[in-house]
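Q: Each chain, letter by letter, is given below.
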Amino acid sequence: GAVVSQHPSWVICKSGTSVKIECRSLDFQATTMFWYRQFPKQSLMLMATSNEGSKATYEQGVEKDKFLINHASLTLSTLTVTSAHPEDSSFYICSQKGWAGEDTQYFGPGTRLTVL
Amino acid sequence: GENVEQHPSTLSVQEGDSAVIKCTYSDSASNYFPWYKQELGKRPQLIIDIRSNVGEKKDQRIAVTLNKTAKHFSLHITETQPEDSAVYFCASKRGGGGNKLTFGTGTQLKVEL
Numbered sequence: 007g008a009v010v011s012q013h014p015s016w017v018i019c020k021s022g023t024s025v026k027i028e029c030r031s032l033d034f035q036a037t038t039m040f041w042y043r044q045f046p047k048q049s050l051m052l053m054a055t056s057n058e059g060s061k062a063t064y065e066q067g068v069e070k071d072k073f074l075i076n077h078a079s080l081t082l083s084t085l086t087v088t089s090a091h092p093e094d095s096s097f098y099i100c101s102q103k104g105w106a107g108e109d110t111q112y113f114g115p116g117t118r119l120t121v122l
Numbered sequence: 022g023e024n025v026e027q028h029p030s031t032l033s034v035q036e037g038d039s040a041v042i043k044c045t046y047s048d049s050a051s052n053y054f055p056w057y058k059q060e061l062g063k064r065p066q067l068i069i070d071i072r073s074n075v076g077e078k079k080d081q082r083i084a085v086t087l088n089k090t091a092k093h094f095s096l097h098i099t100e101t102q103p104e105d106s107a108v109y110f111c112a113s114k115r116g117g118g119g120n121k122l123t124f125g126t127g128t129q130l131k132v133e134l
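Protein chains in written order, with this note's numbering: chain H, 7 to 122; chain G, 22 to 134.
Please note that a few of the clues may not be correct.
Which chain H residues stay away from chain G? Per the calculated CB distances, all over 10 Å, these [what the hints assert, rightly or not]: (1) 14; (2) 19; (3) 20; (4) 21; (5) 22; (6) 26; (7) 30; (8) 69; (9) 79; (10) 81; (11) 93; (12) 121.
With the Cβ distance kept under 8 Å, some of the chain G side facing chain H (calculated, not the full set) [stated by the list, open to error]: (13) 64; (14) 65; (15) 70; (16) 110; (17) 121; (18) 125.
These are calculated hints, taken from the structure and not from any lab test. Yeah, the Cβ is synthetic: ideal placement off N, Cα and C, and Gly gets one too.
Please construct the entire structure, taking both the sequences and the accompanying hints into account.
A: So, in structure tokens, the structure goes:
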């Protein structure tokens with residue numbers, strides 16, 4: 007598989023502040039990482055595809071200016087939720103492909119964001 | 022874009038019985054179909070996957086079948102155990118590292134003693 011870590015595992019912030027979430031690949035150089043959001047009792051919804059050294063590709067309906075993605079190295083992608091509001095409270099999970107091939111995706115442990 | 026439907030949304034079985042979860046996809050170009058298990062508050066974990074060049078794949082108590090013509094694929098868990106209780110997601114994808122996974126809506130499986 008692949009070992010993916012995320013930091014922080016949970017964060018509580020005030021409305022209007024920005025929060026940065028890190029996704030690290032510990033054993034694989036990931037040129038592509040994916041960011042998902044999951045609301046309670048719902049499925050995983052892809053937010054954006056993070057590409058190393060270039061701009062992220064955002065899914066329809068996801069505000070690129072609100073959810074800033076930076077993929078500056080082959081082992082680190084960051085998601086910054088800017089001017090967070092209570093409706094942004096969710097479980098954010100990153101994923102990457104692993105040793106099994108380019109189709110297989112392995113997920114990080116997720117970050118629980120609560121905006122007060 | 023791709024649409025993946027998953028049924029049932031909840032499934033309750035007795036320990037030792039079998040469980041079957043079904044998914045239907047819309048994109049005929051999809052050729053990779055993984056299944057993930059997610060426990061509450063944790064990451065989705067890949068439990069089995071299948072590619073369109075095979076019709077069935079088995080790994081101990083877990084098996085997946087694929088019907089390309091009907092665009093159906095199913096997860097079969099035999100001899101269920103309490104630790105199988107979780108949410109299961111199917112997904113589909115076109116080949117290629119940059120292509121995205123499209124997930125089903127999930128099935129909450131409960132294995133009762």
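Q: Now tell me if each hint is right for this structure.
A: Comparing the hints with the structure gives:
1. 14: Consistent with the label, residue 14(H) stays out of reach of chain G, its closest Cβ about 14 Å off (over 10 Å).
2. 19: Residue 19(H) clear of chain G: closest Cβ-Cβ about 19 Å, beyond 10 Å.
3. 20: holds, 23 Å
4. 21: Non-interface label on residue 21(H) holds, nearest chain G Cβ at 24 Å vs cutoff 10 Å.
5. 22: The assertion about residue 22(H) holds, with a minimum of 27 Å to chain G.
6. 26: holds, 19 Å
7. 30: Non-interface label on residue 30(H) holds, nearest chain G Cβ at 14 Å vs cutoff 10 Å.
8. 69: Check passes; 18 Å lies beyond 10 Å.
9. 79: holds, 18 Å
10. 81: Per Cβ check, residue 81(H) is outside 10 Å of chain G; nearest 16 Å; holds.
11. 93: holds, 20 Å
12. 121: holds, 18 Å
13. 64: Because about 4 Å separates residue 64(G) from the closest Cβ in chain H, which is inside the 8 Å limit, the hint holds.
14. 65: holds, 5 Å
15. 70: OK, holds: residue 70(G) within 8 Å of chain H, min 7 Å.
16. 110: holds, 6 Å
17. 121: With Cβ-Cβ at 5 Å, under 8 Å, it holds.
18. 125: Holds, because the Cβ-Cβ distance from residue 125(G) to chain H comes to roughly 7 Å (cut-off 8 Å).
Of the numbered hints listed earlier, not one is contradicted by the structure.
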